[in-house]
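Trainee: Chain B: place on chain A using the hints.
First to last, the protein sequences are chains A and B. The end of the first sequence is residue 876 by the numbering used here, with every number in the run present. The end of the second sequence is residue 876 by the numbering used here, with every number in the run present.
If you're looking for bench data, these hints aren't it; they were derived computationally from the structure. A couple of the hints might just be wrong.
Because identical chains cannot be distinguished in the list, a pair is counted as satisfied if it fits within a single copy or across any two copies.
Said to hold, decoys possible - Derived DSBU-like pairs (lysine-lysine); straight-line CA-CA distance at most 30 Å:
(1) Lys479 to Lys640
(2) Lys741 to Lys715
(3) Lys391 to Lys580
(4) Lys316 to Lys876
(5) Lys479 to Lys593
(6) Lys628 to Lys479
(7) Lys580 to Lys790
(8) Lys676 to Lys790
Protein chains: 2
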Amino acid sequence: MSKKYVYAFEDGGKEMKDLLGGKGANLAEMTNIGVPVPPGFTITTEVCHLFLEQGDYPDGFADQLSENLESLEKKMGKKLGDAKNPLLVSVRSGAAVSMPGMMDTILNLGLNDDTVVGVIEKTGNERFAYDCYRRFVQMFGNVVMEVEHALFEEAIDKIKEEKGVKNDTELDAEDLKDLVVVFKKIVKKSTGKEFPANPFEQLKLAIEAVFNSWMSDRAKAYRTINGVAGLRGTAVNVQSMVFGNMGESSGTGVAFTRNPSNGGKEFYGEFLMNAQGEDVVAGIRTPMSLIELETVNADVYNELVAVKNKLEKHYKDMQDIEFTIEEGKLFLLQTRNGKRTGQASVNIACDLHDEGILTRDEAILKIDAKSLNQLLHPQLKKSASKNVIAKGLPASPGAACGKIVFTSEDAVEFGHNRHEDVILVRKETSPEDITGMHNAKGILTSRGGMTSHAAVVCRGMGKCCVAGCTEAVVNVSAKKLIIGDLVLSEGDIITLDGTTGEVMLGEMEMQEPELIGNFKRVMEWADSVRTLKIRTNADTPLDAKVALDFGAEGIGLCRTEHMFFEEDRIHLVRQMILAKDAEERAKPLEKLKKIQKKDFEEIFKAMDGYPVLVRLLDPPLHEFLPDKENKIKELADDFKLTVEEVKSQIASMHEINPMLGHRGCRLGITHPEIYKMQVQAIIEAGIAMTKAGVKVEVEIEIPLIGTNREFAYMKKLVVETIKEYGEAGSKEMPDLGFVYKIGTMIEVPRAAITAHELAPEADFFSFGTNDLTQMTFGYSRDDAGSFLPKYMDLGILENDPTATIDQNGVGKLMEICVELGRGVKPDLDIGICGEHGGDPASVEFCHKIGLNYVSCSPYRVPIARLAAAQAVLRKK
Amino acid sequence: MSKKYVYAFEDGGKEMKDLLGGKGANLAEMTNIGVPVPPGFTITTEVCHLFLEQGDYPDGFADQLSENLESLEKKMGKKLGDAKNPLLVSVRSGAAVSMPGMMDTILNLGLNDDTVVGVIEKTGNERFAYDCYRRFVQMFGNVVMEVEHALFEEAIDKIKEEKGVKNDTELDAEDLKDLVVVFKKIVKKSTGKEFPANPFEQLKLAIEAVFNSWMSDRAKAYRTINGVAGLRGTAVNVQSMVFGNMGESSGTGVAFTRNPSNGGKEFYGEFLMNAQGEDVVAGIRTPMSLIELETVNADVYNELVAVKNKLEKHYKDMQDIEFTIEEGKLFLLQTRNGKRTGQASVNIACDLHDEGILTRDEAILKIDAKSLNQLLHPQLKKSASKNVIAKGLPASPGAACGKIVFTSEDAVEFGHNRHEDVILVRKETSPEDITGMHNAKGILTSRGGMTSHAAVVCRGMGKCCVAGCTEAVVNVSAKKLIIGDLVLSEGDIITLDGTTGEVMLGEMEMQEPELIGNFKRVMEWADSVRTLKIRTNADTPLDAKVALDFGAEGIGLCRTEHMFFEEDRIHLVRQMILAKDAEERAKPLEKLKKIQKKDFEEIFKAMDGYPVLVRLLDPPLHEFLPDKENKIKELADDFKLTVEEVKSQIASMHEINPMLGHRGCRLGITHPEIYKMQVQAIIEAGIAMTKAGVKVEVEIEIPLIGTNREFAYMKKLVVETIKEYGEAGSKEMPDLGFVYKIGTMIEVPRAAITAHELAPEADFFSFGTNDLTQMTFGYSRDDAGSFLPKYMDLGILENDPTATIDQNGVGKLMEICVELGRGVKPDLDIGICGEHGGDPASVEFCHKIGLNYVSCSPYRVPIARLAAAQAVLRKK
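Chain A extracted, bound-state conformation (with noise of 0.2 Å):
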């Protein structure tokens, strides 16, 4: 006997995708369990494979595809090209993995001259018999026999004029009959063939257009860019056709198993009677909600019911079905999990375990972690009606509604002054923006990627933000907000979604999140599996304290140079850079120094019991000069010195490339003064706390470090400044009463593959994801809109690497930066404090990396929360 080349859908199952494909795996598992499918059968991808490499098909496989088709026959009570009563097919391509560029689907196969008369006596509806026969020939005729889409185009085009009718829907069955006779005609003279009428030879030759379309260049071009190997090639699923429409006993509808809104256990779905899927869609007809069909057939309602328990357990989700009634009898075309919110992802899962179709574990894996993000910010109202009139990049979730101002002066004069809700529009913002943001509701910028400035900031603080929307010009001298034709000046109202990268004309409707009971649970369930310790990027006591609340276990990132763009004391950083020498700079750095103090002071109190990494200065010095003329005046009255000189001074500060320039520990080695300022501000902070009962740890982290020569000449720097709080004399490092760390931030590419020569002088590493992608890739966060969304429509990049890692680059400088690092220091603590740190998949990498810790913004510690417990679980 030969092998198996063709299995009916009862003789497959899901984990055969390899051999039938995704589809037919779905629909083997469906029938399986007793769901009604309309019958069909499954021609394996090894057929596929034997049948481009040999140009034959393997023998056997011609009298398996007779038995399986005379089975199908038998099942359904219909024969292929019987002109009374005429079995119809689709024949759809179906690979291991979804892939566009093959083809995809023929409806209706089967109908020729004679069984489309079969069709008009079963269904009583001549136009629908001819308008799938028309479907057909086109559809057969461009995907099988290779004519011109545009010519069946044309002559549908010619025969509406000639009617004088607009749409298809107005020709009727006389039309539709005519149509079928002037497509042959096409075929023919396209092709020099007959349009085949018989329908073992369509079948015949659509099963070879589906193999054939494996190797086709599209398919090939997809397989090479996307990195698909090792797959044989396609399966072709036959399935006898339904039809919905054969009158006023059969029907069609769509559901969700439960409430895919809020997660209720509702059936919740719209269906039609003598209608096909398309009409549900089409919005020509109003669709009944789905509990009507009790009243119109109660059976089938009851089966439908039946068949929605099933695979609801079968399948351990919620579920999005499509169905068709045919004369009476049921039959489930597709099911899939459903797409729901964040606040139905989280009730559906407790539910689901409630009522013991999962378990805990099985449960937290159910959610996804990312849609938790819209149940942690104000978002639009789901029946908001939307005037999108720009898309950027979703960079910061939430929504935000206000008038636009351009300026961050102007932020601080509608947002604070006069108390107004203001969107700040800018070409991309800068730290001297920061007083802005703070005033805005959202931020739209027209450049930058997801972790360029707005994107992180905004992240931070749980503010919305469009990032990138590259439509949009911004005119801020004008004070113009240009997209297309549209202008908008200042005081307009926009609304931004952060959650799906929307602009919006107008003012809409919002709501706040709701954080209920189920929410908290699945957190608790979460923190009881989990392994990793989360962290939060926070650099004031009040980012600390809304991340405690969320659950952070810790500061994984505190940035000094935040600290330093506040009002109070931006002048006194600017005095200090425009310091003539060390003795110069003494006196601001003294008075910097006291409040850092208090800042540390009050996030360690905050932090009590918990550990707080602080980050030394890490931009380079430039960035805090001003770029405002009357800032510059302000500076050059307080220097003594003429707008112009301290033009010259800040323009000969400026770099070509700044973010590969004079920065991190590279200021700490030219300018050791800052360094050992912040350092002496974190250690009497730490003194000073503890003295008044507070628990202290504090990391302090080296930015930038690049070779294991500058980390020790760094750390000697950190520990000489230490010893002047301990006890005089003293060779080792003093007891301060409260646990101090010095440890290093891995960033720099040389960095992680140094690992081992820095892991011995270092107690702990933090990888800064965003600066390790950003030189791994050699994109800069700041210029990169201008190419990665091409990137990302090309399927060049399927994620963006600044906001998921990079597993095969960037992650494996991780790894090897792991591995040398333990290598010499077992116990090496280490975390991650990029951007990455709240993006689950990037949390599940951490953790089968052996990282100790993540650290994100403080709105995303729940979502980390949740996805290293799944990375427990997946592991397992």
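Mentor: The following block gives chain B in isolation, referenced to the frame of chain A:
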């Protein structure tokens, strides 16, 4: 019997560095080959280790010390502490590697109030004796007894003031005798202890001080920062003192065994009778030429010649020696390989080979490949006296002098139109300055490092450049060059030495390089040994010809964008960039194609039979846009736009970090028509030249690849373009009658670590180590000038990684890349085209990791050829 802790010089040898330290091993070596060295002994590093660990000397050490001391006394016929005939010794530290921060030297140990009388009697020179004595007390007091250095200096100043003299040399014997008393009082007062009069006590304390200095903070910091680990401690060398000023039969001198300037076989040096080493150097008395020593003392001269010959034979190299004659007896104090010019290096190696001292392979290894640089560029006349006003980085070798100009236009005006020699002085250069650079003799920049634009372009042009001269303030608008108090204006003359980085005032005499016969001979030797191929980075047929003359075997990098900047095409390039759409872009592209085709034809013709690697467009498009008002106006007129509109378009293309921005293959993906045009030009040129009988072999390189999908996408574009030239419908790559390959540059860290994903599709890899270094370290070559010098000063970086491959970091990535790439494609062709391709240490590294070729600027090809041969020999 206890272990051997003390080695007389005759018991050691040069291979015993770990035990005897570098200095001890070398003194032993000289002693053992029969060179007269002042006798002495070495206390091993193990004693140091045990002393520091146990706080005491090991058993048996004291006896061994006594025995060796007695034996030394016997050899010298003098006794330590003998008032009549005192033995004086020096005590020096010496670890296995040279290490600052340890106690260095104590001379004249053994002096006290009694023995000084003996010295007076022996030398008849009371002043000398007391000067030795006071120096000993000062040195011993400071380094052994830890008395502040300043206290002794104050005492000297005081006595000079009392005597009314300015210089130490004006103090007489009585003054110095008084100083001894004063110094001893200072020691007593500072330490509470008497200065030790007993020479045995002095010796014991000195040895302990050397050992303790191993653990001084400075020495420990040095070891930490420099990663020196695994050493047990320092050795101590005790050596008898000899004096060249014991009367007219004594003397001292220094010599080179051959002429260090041109390698001539002459015994080259000078001496002074009745003098100390420092007298020869101080220039108070005029030393005599060494050949006169034969007249003064023929026996000693002949002995010295014999020693010279022995040393050359033994060390197999030209030696730089120091000698002392004490009462007619010759002593060698030091010998080391002599420093020499490039020319001397070549000639000496050839001569030593001809004399049978060196094998051919040894001769190849003797030449410092870097020093060949001097043979390949005009240089300053040796005799010229220099007025150095500033120092920058030696960015491109050779020398140049001329009038200062501050703009590219002025360089053309003075240099081209007025035929004057000019030096172009800029803060930094950009591609817009190319024409000016062409017309200048040399370039001076105040910013940028060894791979800044100015440095790279100048090395490519073989033009002298001093870059990153941070002392220089360049005010372009005022046309002033300000160095400290010196203000130079346009037209003032300066001289640059690109080999040393010196900037000199005024015009200096130059000399042309002599490429004499031995140079050619060494190159032939090298070619017969090396396995690495040597290619060149050449953008023009002229560059290609220069490189071929220097022995290049192909082009490893032809940067197409450099062609874009020439006068006749930059305007077309700008039209192309500012075009609204692909259609408008088509016209200038078509014109550019014709021009590029001609360029490639000429290059293929020049390189007939050698491979030519062409890199597709790499820099961001905005680099081609003008920043000068008149050029902007021109462009605006051309496009019928206002100047403001063009400016705004230019501004919209501005990037914050262009290095990490929209360039390389990212341009190829967003602007495929540009890459397509370039491929067409390459292929059309290849077809035309093949028809003309030229053997064409072209490698098309895609720059800045970071992911395999990016490369797959780009390769598809290239292949599709090439297919246009093959027979119609051909599915595979068409045969065009010449060899063409498609490969990628490896310059993004991610490409290196995902090489196994890239290799299956790529015909070749070429390391772009300039960018790879910038991204791996996170250093922008344009901005690193603000911190790199400090890094070098502090020893945080041993070498500038932009000049020599950083083997632990960047090199590690390269190794990983080669391993991964060859893992899936064992015969993958891999080269390097970064600036490092011309650096000998980097060439050796490339050989070690198995690259196929290195590519460097034309003027470095001979260096690379030699370095590649040395790499083979060193690996043996």
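Trainee: Look at each hint and say if it fits the structure.
Mentor: Comparing the hints with the structure gives:
1. Taking identical chains as interchangeable, the C-alpha atoms of lysine 479 and lysine 640 lie at most 30 Å apart only when they sit on different chains, with a minimum of 26 Å there against 34 Å within one chain.
2. In this assembly of identical chains, lysine 741 and lysine 715 lie within 30 Å of each other by CA distance solely inside one copy; the values are 10 Å within and 50 Å between copies.
3. Taking the closest pair of Cα atoms, lysine 391 and lysine 580 come within 30 Å of each other only across two copies (22 Å); inside a single copy the shortest separation is 48 Å, beyond that limit.
4. Taking the closest pair of Cα atoms, lysine 316 and lysine 876 come within 30 Å of each other only inside a single copy of the chain (19 Å); across copies the shortest separation is 67 Å, beyond that limit.
5. Neither within a single protomer nor between protomers do lysine 479 and lysine 593 lie at most 30 Å apart by alpha-carbon distance, with minima of 39 Å and 42 Å respectively.
6. For the homomeric pair lysine 628 and lysine 479, the shortest alpha-carbon distances inside one copy (16 Å) and between copies (28 Å) are both at most 30 Å.
7. In this assembly of identical chains, the alpha carbons of lysine 580 and lysine 790 lie at most 30 Å apart only when taken from different copies (18 Å versus 47 Å within one copy).
8. Taking CA atoms no more than 30 Å apart as the test, lysine 676 paired with lysine 790 passes between copies only; the shortest distance there is 18 Å, against 45 Å inside one copy.
The earlier numbered hint that this structure contradicts is number 5, and it is the only one.
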